[in-house]
Amino acid sequence: MYFKLLSKSQLAVVVFLILILGPPQVLAFQSLGEEYGGVLRVAFMSDMDTQNVLYQQSWWSYIVTSMCYDTLVVFDPDIKVTPWLATRWNVSSDGLVWTFEIVKNASWHDGVPLTSEDVAFTFNYIKEKNVALFVSRVEFIDHVEAVDKYTVRFYLNEKSATFLTRTLRSIPILPKHIWESVEKPEEFKNDKFIGSGMFIFEERVPEQYIRLKTNGKYWRGRPYIDGVVIKIYKDLDSMIMALRAGEVDVVPWYSPTAIIPELEADPNIAIDNSPDYYVYITYFNVKKHPLDVKEFRHALAYATNREEIVKTIIGVKYGEPQYSLIASALEFWYNPNLPKYKFNMTKAKEILDKLGYIDTNGDGVREDEYGKPIEIEINPPNYDPVRIRAAQLMQLWWTELGLRVSVIPLDFDTVMDKAWVKHDFCMVIVGDGDLDPDYMLSTMCSWEYVEYGMNCMGYNSSLWDQLYREQRSEVKLDRRREIIWRMQEIFADELPMLPLYMQYCTYPYRTDTFVGYVSFPSGMVTDVNPWTWLKIHKVVKPTPTTPITTPTATLTPTVIPTTPVTTPAPPAAPGLEMWIIVVAVVIIVVLAIAAIMRRK
Amino acid sequence: MGLRRYIVKRGVDTTITFFIIIIINFLLPRLMPGDPVSRLIGTRVQMSYEERLALLKTYGLDKPLHEQFIVYLSNLFRGDLGVSLSRYPTPVIEVLMYGLPWTILLVGFSTFLAIIIGTILGIISGWRRGSKFDIASLVIALATYSTPVFWIGMLLIFFFAVRIRILPIGGAFDPELMVSTLSPTYVLNVLKHMVLPTVALTLILYGGQYLIVRSSIVEALTEDYILTAYAKGLKESTIMFKHAARNALLPAISYAAIEIGLIVAGAVLTETVFSWPGVGTIIYNAVSDRDYPVIQGAFFIIALSVLLANFIADIVYGVLDPRIRYG
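Chains C and E, in that order, give the protein sequences. Positions in the first sequence are counted from 1; adding 468 to them yields the numbering used here. Positions in the second sequence are counted from 1; adding 164 to them yields the numbering used here.
Bound-form chain C, shown alone (with noise of 0.2 Å):
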């Protein structure tokens, strides 16, 4: 009925407007109406460090590797393993024989089809020539045979939890009419970078940009993007200067804290607030004395205040304590029912005290049974502000406890050497961890003490390392979820490391100019996330005269813009004329400098 008081134009602006004035969740999902075309800018802190994919160290490589090449499988946002080449799958009684199926529409960035026979080439090929960044990812791979076109088989040795979270999840599938001649893998350049994935490699100058194009024909469907342009700048202050001047639209980079809020106070920037596998973790060297006592280890972390240091240091929103050396992001396997150590400075000294760690000679330090005075260094990397302000914390409690505590900053190569190459520390900050559990309860395994291993802290049990063995051949998922959880329960009593916290991945990126991230831990563009590239399309520019004759068709995707998009492209150089205003000023320099040696 009232609705009759309304002509058929003005229910459009209506309609235009309530779009416009809604609340932004809902406009965010009436931005269906994706549109194909734009090239992506993102900023880089570094080049790749090779374009030969089996030797990259690099996460930034990683990144790259990933949009041009495929694997078998790879993670959902939830981290579950999800089909990717491979569309599914299934294995043998005694888990020793994988048999996948691959998809059959897919085919090399030069026309190849891609069949089987590259996928068990890929594999033979690494096993054979003994890549070195692989021999863990593959020892176990007896051998890979193509059964027929689009079906390929792999012969395991033994059974492995990390088979398909690992291995397959992290080895590109190689080109085998390219490859395969390919005699020394060492010495290989790789240059056309030829993959299967849904960027194309078009052009690369080292250190300072890299090209792709859309692959037109990916398997899966394009991307609506046109391209990627990475720009590599070589310091973080100049990445986030050019997002936001709009030379670029993301910055897969954590934002320095003390500027987020100024970055959220651009109206035309976010923050990717995706959580990380990360966790920063105090190691202790247990092999001193007294961290070698399980008591005093507790008595630490109940004199840290993991909250505090978030709170303080971090932001509540932007991360979160940690208690497991598995990250809570990876809900799967976290166990959350861990002993937390609850701030309790009372419980920390009635504990030393029961120790008989007591300062004898009143000067404020406690001694140990032999009457040594108890010091503590942390030694976290110097680059990292909130690191070392964590540390600061942690000395400002411990002094409160009656310890002597020191903290020294050291270059991060030094503080890798110290820890895992020499054993000669006495505590280190790192951050580390893996979307596979396995990664991170092979540190506390006493095989691994040793020069270059995981484990630095020289913790020994072999109940930890009969648990670790056992998880890592459990092929059933909730079955090895009991074991890592019984594993995390143990880690917690014995406590050979302090988890700190977890830091967001505080990516900043622009929101008028592309939109339909995905997140997704470790950051919505990282190397595990295929999906952002699937998703991601550019923000359609408004255009006032269409809305209202047909509102219903053309309105949802014009409204997307909090504010009409302002050409973010390089500002328009005003080229010629400011030439002409330096050559100007040149001259007349020239001239003056002239004039006055004249009039001498």
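Just so you know, these hints were derived from the structure itself, not from any lab. Idealized CB from N, CA, C, for every residue including glycine. Please note that the accuracy of each hint is not assured.
[Unchecked claim] Cut-off 30 Å, straight-line C-alpha distance, at most; resulting in silico cross-link-like pairs (BS3-like, lysine-lysine): (1) C:617 to C:681; (2) C:652 to E:296; (3) C:627 to E:221; (4) E:221 to C:660; (5) C:597 to E:221; (6) C:660 to C:1003; (7) E:227 to C:595; (8) C:652 to E:221; (9) C:755 to E:221.
[Claimed, not checked] Under 8 Å between C-beta atoms, here's a sample of chain C residues computed to sit facing chain E: (10) 604; (11) 712; (12) 715; (13) 876; (14) 880; (15) 888.
[Stated by the list, open to error] Simulated restraints on C-beta separations: (16) C:1053 to E:468: 34 to 42 Å; (17) C:961 to E:214: 27 to 35 Å; (18) C:757 to E:306: 40 to 48 Å; (19) C:734 to E:323: 12 to 20 Å.
Following the hints, position chain E against chain C.
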């Protein structure tokens, strides 16, 4: 006779220095704590123990130090600088060539600009010691000379790239341009990217040259031959440039020679702030990545060019000032 012997003597000196440099060059990077594999722990590379060991072996770092030294020497004499470890398997020479042309363009241009500006201002300033011009330029030169370049850089970026947006924030050219190398648009684009780093670098570089030239001019003016020149009734500009400057420029030449020799070393801070793809950041990264072959290769080339520049300066000296030849 004198000059030839002088050149031979200088050549022998230079060669000995060169060999000492080669040895230090090998040892110094390895004396730093950490190595190219341990630095990967705690990054998103997630390597297992076996993988770390296999990598050490691939790099040849499992061999004892003296064997590594022999490999290094024999490679060097074949003109092979080795393979980068942090960009394995890219040859070192290729890694350095990513940056060398850009560095020579930016740092070379800025250095020459700085030398010319510094010399001219220094001469004028020294000539009119105590004048308003002298005091003003002295204050400005001291200020820019002692200002950290990253700060000047940040200010320049903030005003010209973020606020008024007439110049780009960083990089050497715009990858979205998609034009062929050395086309006019490309060259213009590169020049546009060069403005801010050149200004920053020239500002901090010219001060040193200026101060040296100024003080030696001041010194030269007290000499008798200047008085003589005045007495002959010569024009002031002739005295300034032909008599005073020529004699005062000797120390300035050796200063400039070092500066020119260091061009290939790049300018780490400037290149970092402006994301300039030069050698400076490559060396900086190599040091923090413990990339021994790149550190060795870069220092080798720097040493070579500094030695060469000094050798040439010595000879120029000898030609200009006969006293040195026989000294």
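- Query: Keeping to a limit of 30 Å between CA atoms, is the pair of residue 627 (chain C) and residue 221 (chain E) held or broken?
  - Reply: Given pair residue 627 (chain C), residue 221 (chain E) holds - Cα atoms ~28 Å apart, limit 30 Å.
- Would you mind confirming whether the straight-line C-alpha gap from residue 221 (chain E) to residue 660 (chain C) stays at or under 30 Å? With Cα atoms ~28 Å apart, residue 221 (chain E) and residue 660 (chain C) stay inside 30 Å; holds.
- Message: The hint says 40 to 48 Å between residue 757 (chain C) and residue 306 (chain E); measuring C-beta to C-beta, is that right?
- Response: 56 Å, violated
- Message: Hint residue 712 (chain C) vs chain E: min CB-CB distance below 8 Å?
- Response: 6 Å, holds
- Task: Return the status of the interface hint for residue 604 (chain C): holds when the least beta-carbon distance to chain E is below 8 Å, violated otherwise.
- Result: With a closest approach of 4 Å, the residue 604 (chain C) hint holds.
- Query: Does residue 227 (chain E) pair with residue 595 (chain C) here, judged by a C-alpha cut-off of 30 Å?
  - Reply: 24 Å, holds
- Item | Pair hint outcome, residue 597 (chain C) versus residue 221 (chain E) [Cα-Cα no greater than 30 Å] | Status holds; Cα separation ~14 Å.
- Task: With chain E as the partner, please determine if residue 715 (chain C) meets the hint condition of a C-beta pair closer than 8 Å.
- Result: 6 Å, holds
- Between residue 961 (chain C) and residue 214 (chain E), is the Cβ distance one that fits in 27 to 35 Å? 29 Å, holds
- Query: Quick one: are residue 734 (chain C) and residue 323 (chain E) within 12 to 20 Å, going by C-beta?
  - Reply: The hint (12 to 20 Å, Cβ to Cβ) holds, given that residue 734 (chain C) and residue 323 (chain E) are roughly 19 Å apart.
- Task: Against chain E, run the beta carbon of residue 888 (chain C) and see if the smallest gap drops under 8 Å.
- Result: Holds: closest Cβ of chain E sits about 5 Å from residue 888 (chain C), inside 8 Å.
- Restraint check for residue 652 (chain C) with residue 296 (chain E), where alpha carbons must lie at most 30 Å apart: It is violated: about 69 Å lies between the C-alpha atoms, which goes past 30 Å.
Violated hints, in rising order: 2, 13, 18; the structure is consistent with all others.
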